[in-house]
Structure formats: C-alpha cells, structure tokens
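Could you put together the complete structure from these sequences and hints?
2 protein chains.
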Amino acid sequence: LVGCVVSPNDFSFKALSTTRQCALNIPTVELAAQVVACGNATGAQVDKFASVGLTPRPARLIAAPLIAECYASLECRVVDTRLRNRYGFFVLEVVQAWTSPSVKAPRTLHHRGYGVFMVAGETIKLASRMR
Amino acid sequence: LVGCVVSPNDFSFKALSTTRQCALNIPTVELAAQVVACGNATGAQVDKFASVGLTPRPARLIAAPLIAECYASLECRVVDTRLRNRYGFFVLEVVQAWTSPSVKAPRTLHHRGYGVFMVAGETIKLASRMR
Numbered sequence: 001l002v003g004c005v006v007s008p009n010d011f012s013f014k015a016l017s018t019t020r021q022c023a024l025n026i027p028t029v030e031l032a033a034q035v036v037a038c039g040n041a042t043g044a045q046v047d048k049f050a051s052v053g054l055t056p057r058p059a060r061l062i063a064a065p066l067i068a069e070c071y072a073s074l075e076c077r078v079v080d081t082r083l084r085n086r087y088g089f090f091v092l093e094v095v096q097a098w099t100s101p102s103v104k105a106p107r108t109l110h111h112r113g114y115g116v117f118m119v120a121g122e123t124i125k126l127a128s129r130m131r
Numbered sequence: 001l002v003g004c005v006v007s008p009n010d011f012s013f014k015a016l017s018t019t020r021q022c023a024l025n026i027p028t029v030e031l032a033a034q035v036v037a038c039g040n041a042t043g044a045q046v047d048k049f050a051s052v053g054l055t056p057r058p059a060r061l062i063a064a065p066l067i068a069e070c071y072a073s074l075e076c077r078v079v080d081t082r083l084r085n086r087y088g089f090f091v092l093e094v095v096q097a098w099t100s101p102s103v104k105a106p107r108t109l110h111h112r113g114y115g116v117f118m119v120a121g122e123t124i125k126l127a128s129r130m131r
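Chains as they are written, first to last, in our numbering: chain S, 1 to 131; chain Z, 1 to 131.
Because the hints were derived from the structure by calculation, they are not lab data.
Simulated pairs of lysine to aspartate or glutamate, DMTMM-like, Cα-Cα distance not exceeding 25 angstroms:
| no. | chain 1 | residue 1 | chain 2 | residue 2 |
| --- | --- | --- | --- | --- |
| 1 | S | K104 | Z | E122 |
| 2 | S | K125 | Z | E69 |
| 3 | Z | K14 | S | D80 |
Covered stretches of chain Z (chain S as the covering partner; in silico rule of three or more C-beta atoms under 8 angstroms from a C-beta of chain S):
| no. | segment |
| --- | --- |
| 4 | 25 to 36 |
| 5 | 85 to 95 |
| 6 | 102 to 112 |
| 7 | 119 to 127 |
Quick list of simulated restraints, FRET-style, between CB atoms:
| no. | chain 1 | residue 1 | chain 2 | residue 2 | range |
| --- | --- | --- | --- | --- | --- |
| 8 | S | A64 | Z | T99 | 30 to 40 angstroms |
| 9 | Z | K125 | S | D10 | 21 to 31 angstroms |
| 10 | S | S7 | Z | V95 | 17 to 27 angstroms |
Beta carbons are placed, not taken as given, at the ideal position from N, Cα and C, and that holds for glycine.
Written out as structure tokens, the structure is:
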C-alpha cells in the first residue's frame with residue numbers, strides 16, 4: 001500500500017477519483033528538469049508526455065500509461081478514499097511493480113518545495129533485525 | 001499535518017492511541033547506529049534514552065520528551081484515527097517545531113529495510129513555480 005496526498009486543485013485529484021487508478025513513476029536526478037516541467041504544467045490543458053518529452057509505455061493492469069524514462073513504476077488502484085475530502089489523502093494498492101534491472105544505484109529526488117530537491121543515492125548498511 | 005504508519009505490534013501504537021501525542025525526532029546519518037538500536041529495542045521493556053545513549057529534552061506542548069541529539073523535532077497531536085485499525089495510519093498535527101540553526105545541511109536517513117538506509121543530503125535547485 002502507498003499513501004498519497006494530492007491537492008484538490010490538481011487535475012490528478014479528479015483523475016484519481018474517477019478512474020480509481022494511477023501509475024506512480026519514480027524519477028532519478030537525471031530527470032529533474034522533466035519533473036519540474038511536469039509540476040509546472042497541468043494535464044487538464046496539455047499532454048505532458050509530448051510537452052515535456054517523455055515516452056508513454058503501456059501498463060499491464062491499468063489504463064494509465066507508465067513513463068518509460070523512469071527506472072521504476074508502480075501500477076496502483078485506489079482502495080480507500082475515507083480521508084480524501086478532508087486531507088486529499090488516497091490509499092493506493094500496488095497491483096504491479098516494474099523496475100529496470102540495469103539501474104543499480106538510483107539517485108532519487110525529494111522535493112522540498114520551490115524547485116529545491118534533496119538527492120538520495122548514497123546507501124549505508126548496519127547490522128539490524130529491523131525489516 | 002504528517003501521516004504516519006505504525007505497526008500494531010509496536011509499543012508506539014498503543015502509546016499513540018492512549019496519549020494521542022508524540023514527538024517526531026529527525027536524525028541525521030551521524031546517528032545511524034542509535035537509530036538501529038532504537039529500532040531493535042522496544043519501549044515496552046527498556047528506557048531507550050538510557051539504553052541507546054540519547055538525551056531527553058522537555059517538549060513545550062506535549063508530555064513526551066524530544067531527543068536532544070536530533071537536529072529537528074516535531075511535537076504532534078493525533079487528529080484522525082479513522083485509518084488506524086485498518087492500516088496503522090495516524091494523522092498527526094504538528095503543534096510545535098524545533099530545528100537546530102547550526103545544522104545547515106542535514107544528511108537524513110531513509111530506511112529501505114534490513115538495516116539498509118539511503119542517505120539524502122545533496123541538494124539541487126531548479127527554476128520552478130512549484131510550491
């Protein structure tokens with residue numbers, strides 16, 4: 001399961017509510033410019049695949065396309081909307097996951113707002129019984 | 001608001017449910033060993049501050065103590081438990097935030113499971129209208 005907050009002002013809010021499906025595509029730092037371009041456009045007005053320069057790839061279990069440039073994609077169904085109207089919070093169930101085996105050490109992005117991203121990539125391992 | 005999943009097997013689940021308060025203390029990579037030690041102990045049996053070697057600091061608005069070694073702490077109240085029993089999901093409201101002004105570039109930890117952590121710290125900035 002994945003929890004996801006979407007602003008009711010975003011086109012994605014309506015799309016999630018009506019289709020009850022979505023793809024979560026995980027970008028790496030190499031795609032930062034495209035991530036920002038996606039964030040500054042709205043799917044209500046433009047085809048972001050074309051305007052941003054990304055490649056749609058058919059999903060297996062949902063109608064929404066995946067983004068071929070992303071090293072990992074999660075096909076999801078909306079399973080709980082009890083907190084949607086109050087917080088914009090959707091509970092998603094991942095029904096199919098994809099990952100690119102050639103990407104061994106993805107450097108992922110975490111938006112801190114206003115175009116500032118933290119980059120994660122360095123990995124450390126400690127002895128632990130934690131799952 | 002912060003959303004937080006806690007296993008019903010964890011002592012924190014009961015504590016959150018009864019006190020309806022908690023502190024979220026954000027560690028940096030320098031505290032990785034202590035993070036693992038906390039994850040491998042249970043507050044039901046030991047005082048983790050003593051066993052792990054961390055320093056409690058009184059909070060302002062909640063009864064739970066903060067962790068002095070963490071560069072940021074959030075004092076929280078539980079505001080919604082509708083998804084608690086099904087998913088272990090709590091909605092928290094941050095009522096007081098603390099940050100150490102001397103820590104300019106915190107390197108934060110993201111647990112991938114089994115003692116493996118991604119470290120974020122590098123920051124990039126792109127021109128964007130995104131908030």
